[in-house]
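Participant: Each chain, letter by letter, is given below.
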Amino acid sequence: MSRKSFLEAIRDAQYEEMKRDPSVFMMGEDLATNLFGTTTGFIEAFGAERVRNTPISEAGFIGAAAGASMVGMRPIVDVTIASFIYPAMDQLISIISKSRYLYGGQARLPLVLRLSMFYGNSTAAQHSDRPYPMLMAVPGLKIIIPSNARDMKGLLKSAVRDDDPVLSFEDAALWSSKMEVPDDENFLVPFGKAEVKREGTDVTVVALAAAVPQALAAAAELAAEGISVEVLDPRTLVPLDIEAIIASVRKTGRLVAVDPAHRTCSAASEIAALAAEHAFGALRAPIVRVTAPDTHVPFSPPLEARIFPSKRSIAAAVRRVVGGA
Amino acid sequence: MASFDRELWSELYRRMVRIRTFETAAEKAGLRGEIPGALHTAAGQEGEIVGACMALRKDDYMVGNHRSHGHPIGKGAALRPLMAELFGKRTGVCHGKGGSMHLADFSVGSLGETSIVGSGMPVAVGAALGSTLQRKDRVTLCFFGDGASNEGTFHESLNLAAIWKLPVIFLCENNGYGATTPASTVMSVKDVAERAQAYAIPGSIVDGQDVLAVYAHVREAVERARRGGGPALIEAKTYRYADHAVNMGVGFGIDRGEELERWKKRDPIALFRARLIDAGIVEQAVAAIENEVHAAVEDALGFARSSEFPAYEEAFDDVFAARLPVPQGSAGTV
Chain P
-4 MSRKSFLEAI RDAQYEEMKR DPSVFMMGED LATNLFGTTT GFIEAFGAER
46 VRNTPISEAG FIGAAAGASM VGMRPIVDVT IASFIYPAMD QLISIISKSR
96 YLYGGQARLP LVLRLSMFYG NSTAAQHSDR PYPMLMAVPG LKIIIPSNAR
146 DMKGLLKSAV RDDDPVLSFE DAALWSSKME VPDDENFLVP FGKAEVKREG
196 TDVTVVALAA AVPQALAAAA ELAAEGISVE VLDPRTLVPL DIEAIIASVR
246 KTGRLVAVDP AHRTCSAASE IAALAAEHAF GALRAPIVRV TAPDTHVPFS
296 PPLEARIFPS KRSIAAAVRR VVGGA
Chain C
31 MASFDRELWS ELYRRMVRIR TFETAAEKAG LRGEIPGALH TAAGQEGEIV
81 GACMALRKDD YMVGNHRSHG HPIGKGAALR PLMAELFGKR TGVCHGKGGS
131 MHLADFSVGS LGETSIVGSG MPVAVGAALG STLQRKDRVT LCFFGDGASN
181 EGTFHESLNL AAIWKLPVIF LCENNGYGAT TPASTVMSVK DVAERAQAYA
231 IPGSIVDGQD VLAVYAHVRE AVERARRGGG PALIEAKTYR YADHAVNMGV
281 GFGIDRGEEL ERWKKRDPIA LFRARLIDAG IVEQAVAAIE NEVHAAVEDA
331 LGFARSSEFP AYEEAFDDVF AARLPVPQGS AGTV
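Which chain is which? The protein sequence lines are P and C, in order. Using our numbering, read the first sequence as starting at -4 and increasing by one per residue. Using our numbering, read the second sequence as starting at 31 and increasing by one per residue.
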């Protein structure tokens, strides 16, 4: 084990997988500059051919990742900011998600698209998106959304080894967070396995990405009030560990679904619907969603500060479902 | 110009006739209601398709578009699974998942036809990138139309292929129309080939109705790319006989006046048939090829008709490498 930041975990996962498998290579804008520290030492170790700087040409290089994967390569594309996927949306949806299906299983597309989410930093509406919910609605794409450095490393390594396209949503609010991370080069976090980050009995809080540490902080505060909160982190949205969500809701009888994405058709909405479908009989209170509201992300800091789920808004929701507020 | 080579010329002719006969049969089957959905037929374009495909090795890659039937046939695909695919049958080359606009036969290097205009171009660039990284000397041929050359993906793909010097041949099938809109009314340049200059790669024009000219021209570009010389843009001037799509239930037809008859006088198959006879291949040998192809298409039709439709359960296959688990009783599952 070594103490690593979220960004170092990304770097280590990529480094280990590139070292292990010569079919793994990277593409992205400004990769050679190593802007965020996720490719430190890569060009020296693997050469510029496998660590490819691209033009600002998202449809081109994301589509090229699809083509390269179809002939046996395993590209990791650093898309940097999540909104930069939009110019390549046709490649993502028409090609990457659908080729295996359309061609009757002849095509395999083992590729990883890494998308950072920079919300909460006054980058305004075009640079602050968390677009995983709309992509959950596209069959054929797997989605990982880690909440700490350990999961980041293990999930990203699983993503590189996976035979399907994987979108890695990386919350920039977590970048500098540090924790003990396994050094074992075969340490993997499996897809579709939620993790209980804190056990509890009164309320289930299902949270995503940087909302997980917020939920844990809320749970610690609520414990002092005598409210026992279980914090469940799905870690991957596709596949989604529905069984774990249902099991926890059956145990606690209450659900707060926390999601930094916009409210309508959020991941929280899907989680709430699944709980209602499968655990209705166990529910002792209406399900509550804590999400970003259905407005754009404002630039001005005092406005943006209130947009995303926080320890305070999560705690308030929990108090509401236990009848304390 | 390629000198006479009996085996090669016979195969060029065979593949062109295979496309024409397949398209004729598919159109009829569509009108009979046997084939669902739209059919974008390639009749009239056989010269450029076959000339370009035959300039490749079998292990070279090819990417195409919604006018999808001719490309895999040109690349050497078997007809039975292609026809069964049009019929939506389980024995189809894509197990009934892709249909007319999305044929693919990976066994002959056909990496798939795509139906969003221009969307296959970055994929072709990626296949060429993959080959390069694998130190394989495979070349990728990318078919696209005049319409696609107005898409952003065209420009991004040419730029990427140029800066990375990738072995990809961009083969523009300029049939004069994007669906019903004359290309000349929506392009800033007269010829698509001019656009190569913007990416500092070779751009050239070839007579798409002359299969030998296309073959020789593309072959030169392919060999150059294989030696590490980078991409090329080749514009084949050709013509599509049918409407944009047949079998759509809505009119995609336009009145093209005498233009259609003028192009039919330069039919690629008729032109090359005359060349074969001139070169000393006897009439019976040419007719034997035609008869053999007709029998093969009839056989493919019979195969498609007698094949089973997929079971509903199969709609859930190949979304992912393995099916994802679904909870018992979950709505929307099988």
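I should point out that these hints are in silico values taken from the structure, not numbers from a laboratory. From the three backbone atoms N, C-alpha and C, an ideal C-beta is built for every residue, glycine too. Be aware that one or more of the hints could be misleading.
Stated by the list, open to error - One side only, chain P facing chain C, incomplete, derived with CB under 7 Å:
1) Ser89
2) Arg95
3) Ala119
4) Ala120
5) Met131
6) Pro288
7) Asp289
Unchecked claim - Some chain P residues near chain C, calculated using beta-carbon distances under 10 Å:
8) Ile57
9) Gly99
10) Gly100
11) Val233
Participant: Taking the hints in turn, state whether each one holds.
Facilitator: Verification of the hints:
no. : hint   : in the structure
1   : Ser89  : 5 Å, holds
2   : Arg95  : 5 Å, holds
3   : Ala119 : 24 Å, violated
4   : Ala120 : 23 Å, violated
5   : Met131 : 12 Å, violated
6   : Pro288 : 28 Å, violated
7   : Asp289 : 25 Å, violated
8   : Ile57  : 7 Å, holds
9   : Gly99  : 4 Å, holds
10  : Gly100 : 4 Å, holds
11  : Val233 : 8 Å, holds
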